[in-house]
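Chemist: Please arrange chain H on chain R, whose structure you already have, making use of the hints.
Number of protein chains: 2
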Amino acid sequence: MSAHFRKLALIGIGLIGSSIALAARRQGLVDVIAIATRRQETLDEARDLKLGDIYTLDAAEAVRGADLVILCAPVGAYDALARIIGPVLEPGAIISDVGSVKEHVVKVVAPHLPKTVYFIPGHPIAGTEHSGPSAGFAELFAGRWCVLTPGADVPADKTEKLAAFWRAMGSKVESMDAAHHDMVLAITSHIPHLVAYNIVGTVADLETATQSEVIKFSASGFRDFTRIAASDPVMWRDVFLTNRDAVLEMLGRFLEDLSVLQRAVRTGDGASLEAMFTRTRAIRRSIIDAGQETTAPDFGRPHEAPPEPTVTFVREHGGGDDA
Amino acid sequence: MSAHFRKLALIGIGLIGSSIALAARRQGLVDVIAIATRRQETLDEARDLKLGDIYTLDAAEAVRGADLVILCAPVGAYDALARIIGPVLEPGAIISDVGSVKEHVVKVVAPHLPKTVYFIPGHPIAGTEHSGPSAGFAELFAGRWCVLTPGADVPADKTEKLAAFWRAMGSKVESMDAAHHDMVLAITSHIPHLVAYNIVGTVADLETATQSEVIKFSASGFRDFTRIAASDPVMWRDVFLTNRDAVLEMLGRFLEDLSVLQRAVRTGDGASLEAMFTRTRAIRRSIIDAGQETTAPDFGRPHEAPPEPTVTFVREHGGGDDA
Chain R
1 MSAHFRKLAL
11 IGIGLIGSSI
21 ALAARRQGLV
31 DVIAIATRRQ
41 ETLDEARDLK
51 LGDIYTLDAA
61 EAVRGADLVI
71 LCAPVGAYDA
81 LARIIGPVLE
91 PGAIISDVGS
101 VKEHVVKVVA
111 PHLPKTVYFI
121 PGHPIAGTEH
131 SGPSAGFAEL
141 FAGRWCVLTP
151 GADVPADKTE
161 KLAAFWRAMG
171 SKVESMDAAH
181 HDMVLAITSH
191 IPHLVAYNIV
201 GTVADLETAT
211 QSEVIKFSAS
221 GFRDFTRIAA
231 SDPVMWRDVF
241 LTNRDAVLEM
251 LGRFLEDLSV
261 LQRAVRTGDG
271 ASLEAMFTRT
281 RAIRRSIIDA
291 GQETTAPDFG
301 RPHEAPPEPT
311 VTFVREHGGG
321 DDA
Chain H
1 MSAHFRKLAL
11 IGIGLIGSSI
21 ALAARRQGLV
31 DVIAIATRRQ
41 ETLDEARDLK
51 LGDIYTLDAA
61 EAVRGADLVI
71 LCAPVGAYDA
81 LARIIGPVLE
91 PGAIISDVGS
101 VKEHVVKVVA
111 PHLPKTVYFI
121 PGHPIAGTEH
131 SGPSAGFAEL
141 FAGRWCVLTP
151 GADVPADKTE
161 KLAAFWRAMG
171 SKVESMDAAH
181 HDMVLAITSH
191 IPHLVAYNIV
201 GTVADLETAT
211 QSEVIKFSAS
221 GFRDFTRIAA
231 SDPVMWRDVF
241 LTNRDAVLEM
251 LGRFLEDLSV
261 LQRAVRTGDG
271 ASLEAMFTRT
281 RAIRRSIIDA
291 GQETTAPDFG
301 RPHEAPPEPT
311 VTFVREHGGG
321 DDA
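Protein sequence lines, in the order shown, are assigned to chains R and H.
Using full-length UniProt numbering, you'd call the opening residue of the first sequence number 1 and step up by one each time.
Using full-length UniProt numbering, you'd call the opening residue of the second sequence number 1 and step up by one each time.
Treat the hints with caution; some may be incorrect.
Identical chains share a label here; the pair holds if one copy fits it or two copies do between them.
[Stated by the list, open to error] The calculated lysine-lysine pairs, modelled on DSBU-like cross-linking and capped at a C-alpha distance of 30 Å, are:
{"#": "1", "residue 1": "LYS216", "residue 2": "LYS115"}
{"#": "2", "residue 1": "LYS50", "residue 2": "LYS216"}
{"#": "3", "residue 1": "LYS50", "residue 2": "LYS107"}
{"#": "4", "residue 1": "LYS115", "residue 2": "LYS161"}
{"#": "5", "residue 1": "LYS216", "residue 2": "LYS107"}
{"#": "6", "residue 1": "LYS50", "residue 2": "LYS115"}
{"#": "7", "residue 1": "LYS158", "residue 2": "LYS216"}
{"#": "8", "residue 1": "LYS172", "residue 2": "LYS216"}
{"#": "9", "residue 1": "LYS216", "residue 2": "LYS161"}
To be clear, the hints were calculated from the coordinates, so they are not data collected in a lab.
Only chain R is shown next, with the shape it has when bound in the complex:
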């Protein structure tokens, strides 16, 4: 199956959109890349980075003649975008997206698309805490999963063509039902982000003196939460607005479990705490075995060298050399 498209239209050019542009170009997957975005400033940035061939503020212009259209804007903008591009889509085109929720996307986009196009929502499970066109890099998808959630009416060869495109960028591809995707992502992604935002928020409410110490001593665990909580606020607002039911369901389970832990702390139930802290190790092991993580300590963060050895007894007895 060819992974090649004549014209790729990227609507939105943040971290994911720009990474697709770079990866698709490097792998020779497209002849022409058209980039549309809402803000002139972002468009100029994309042009400076040479991410595409056509740059426009008009999504309709970008999709004209495109055989692959990928919505890379915040999910909250999809409804309006679908209304704009629907009437001008090329018959036979594949329409996809990269949003973190999928049932909602089907609900707001599908009604505005003509019967002559193939709508295959997608979600590359890849990202960093950085946003904007300059954050993208061609290796972002390598070794990462991309989930496609085609409707029942999409021919298998169309889904396979889009899957080939993602595989050519390094992704592993899996198809599933949109509702199931949303439930799995609620616990793997949305609740972790909600909790990370929440704990950083709790710190933001501490008195200033304590807050500066929190920042100083953040390497003890808190730091990792702040990375997660540094992700794009608008994107995450939209995630929680559009995957509400699955998020509330998983948040309920999380809070139930936390009450059990809270009680174990309060009653000093060491055996329960140790049992709970032990069984979580198996899941970590599975993630490393599944190639989704490295075993490098501390996430592979660089560790600086300690100072040059200090021959302290010499300095003590008559050194005085502070160099």
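Modeler: Using the frame of chain R, we list chain H on its own:
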């Protein structure tokens, strides 16, 4: 102030103990390193790694003649250890530790120490998710904070000598009150770990089919929690048993804030969600500015290269070369 000691006794030789042994040796800070640990297997491992000069299962033997003793065992073992070493400590010796809680340590250790030694509890804010003697490395403390919580009766020059020892291993050193330490660490470290353990536990309770998908798609946020939740279970059990009040206080604040977020999700209050998700960015920025974190995307995890460019139209029309 000389950072040099004649004989360093390390009681316990896990990640922190072994890192101290390696860093102190490399920096020439000690003449002799004595290592005591509870299990023969761990002691053999330490010997194979050449971490010290004296190896023993008897903590009393290790501390005999030592002018610096550092407890590196789980905090739950401190009471018993203090009773064993107390009677044989060298007059004038500095006794310290590396436990994650400090008020409790003072409570269980101090009563068993003779008046002739200087007890200066310590906490190097550094670590990885790995444990055991083989997990240690000499650079672990470089650029990281070490908190000392000396009692009011400890002469300043003794605290300064221990601080010099830590600085020579690369640490930045700060002294503070034990109770204040425990409150700051509750929010920067203990609550993040509790929450991470909890979310991984919630996943462990999902049905098996969903669980394997959670592992597959863990790069979306969950993965980072599993690293934190892979830390040593016994150490963390002891942290929660011994810093109960500060943990419950901070957990209360965290849960209060989470209720507000939960309500915003339920009612679809996008403005509040976005405001909350935006203000957390400033804290992340402060942590990077404070040198406690790198700006490298995705924690500097290595990103694999995508596959070699596939000239798909050639392969499609007659290639057949799968090489």
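Chemist: Would you mind marking each hint as holding or not holding in the structure?
Modeler: Status of the hints after comparison with the structure:
no. : hint             : result
1   : LYS216 to LYS115 : neither (57 Å within a copy, 34 Å between copies)
2   : LYS50 to LYS216  : neither (39 Å within a copy, 34 Å between copies)
3   : LYS50 to LYS107  : neither (34 Å within a copy, 64 Å between copies)
4   : LYS115 to LYS161 : within (19 Å within a copy, 78 Å between copies)
5   : LYS216 to LYS107 : between (46 Å within a copy, 26 Å between copies)
6   : LYS50 to LYS115  : neither (34 Å within a copy, 72 Å between copies)
7   : LYS158 to LYS216 : between (52 Å within a copy, 24 Å between copies)
8   : LYS172 to LYS216 : between (39 Å within a copy, 10 Å between copies)
9   : LYS216 to LYS161 : between (50 Å within a copy, 22 Å between copies)
In this structure, the hints that do not hold are numbers 1, 2, 3, 6, in rising order.
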